[in-house]
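Input sequences plus hints: build the corresponding full structure.
The letter at position 227 of the sequence shown is residue 227 when you use my numbering, and the numbering goes up by one with no holes.
None of these hints come from the bench; they were simulated from the model. Hints may contain errors.
[Said to hold, decoys possible] Here are the simulated lysine-lysine pairs, DSSO-like style, with alpha carbons at most 27 Å apart:
| hint | residue 1 | residue 2 |
| --- | --- | --- |
| 1 | Lys257 | Lys230 |
| 2 | Lys222 | Lys257 |
| 3 | Lys257 | Lys209 |
| 4 | Lys209 | Lys222 |
[Unchecked claim] Derived Cβ-Cβ restraints for the label pairs, each shown as a range:
| hint | residue 1 | residue 2 | range |
| --- | --- | --- | --- |
| 5 | Gly211 | Asp233 | 18 to 26 Å |
| 6 | Val150 | His224 | 19 to 27 Å |
| 7 | Pro258 | Val150 | 27 to 35 Å |
Note that the coordinates shown come from a computational prediction; the quantities given were computed from them, not determined experimentally. For each residue, glycine too, the CB sits at the ideal point set by N, CA and C.
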Amino acid sequence: MLSGSAHLGRPCCLTSREAPRAFIPRQKREYGLSGKWGVGSESRRLRSKSAVVVRASKGFGSSPPREDKQSSSKDSVVVSEESGLANLPLQVAAGLQGTNVYLVGMMGSGKSSVGKKLAAALEYAFFDSDALVETATGATVDQVFAELGVDEFRKMETQVLKELHCYKDCIISTGGGSVLLTQNWSYMQQGIVVWLRGSPELLANRVEKDGIASRPLLADCKNHEEVVQKLDDIFQERLPYYRNADIEISLDTGEGKPGLSVDEVIKQILENLQMRMQEAIDEREDKKKFTIENSDSAKGKIQQPDTDAPFWKRIGELQSEE
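Dropping the structure here:
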């Protein structure tokens, strides 16, 4: 039984054992960026073991979550030549210079699967907000929903985002409803928000394949049609919030098809990131190109002072002209 007072309150160190870079608070590291889409000349990559601090109350334990090894062959397949990515991940990572990327979207959109491989491609660390809540509480998400309620779960989720946004070099998979709270956006918009958008039909097929028992919001659905309708209702409620994302990736490939693969989604994310950063560079360059109207005609009217004359004499000439 979970206590009704359960919340993320006391420091508990959750360690990413294989994180390839140092997690140092933003205020303690220099940025080569100018805004989220700024691009520096080179990325500062500090490679060492490190820890992310999240808060957990007494009784949750201090065991760290076992994040997937970033260099595993299973995750690194996305950077192969066959994936059509070549050096794109390295180019994007250099441009991002540690800026966090947040994945948002409905259940079944593949945020966790995409996040793990995207993190491997960029040599970032990956964190799943749902997994961190489960580690903190010692219970599954559906148990937290059932015993503490959705509001308490949202508070925990917000605390996780509050802690993680202070660090760099993270890919963060968020809960489907995280977009509903303004406070969460205040953290996520300090990074880059990517929306994985799928139709209710596509998402229903995916969650039913995985099993809806672990989906608290679908607990009352008795058949496929009800699952689709429920997902559509949730989608319509969240749509205005999802539209605040910086990048939108459509998962649908046609009626009755399984949707984009994980590698295809990551390729689109990387291409969009590269395109947006290039647009930011072009925009800054355009701002440097300006002219002063009638500047040529004004040059002849400006009388250059006689710098060889004594200062007192120049003052006297100016006074006589007046």
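Checked against the structure, which of the hints given earlier come out wrong? Violated hints: none at all, because every hint is consistent with the structure.
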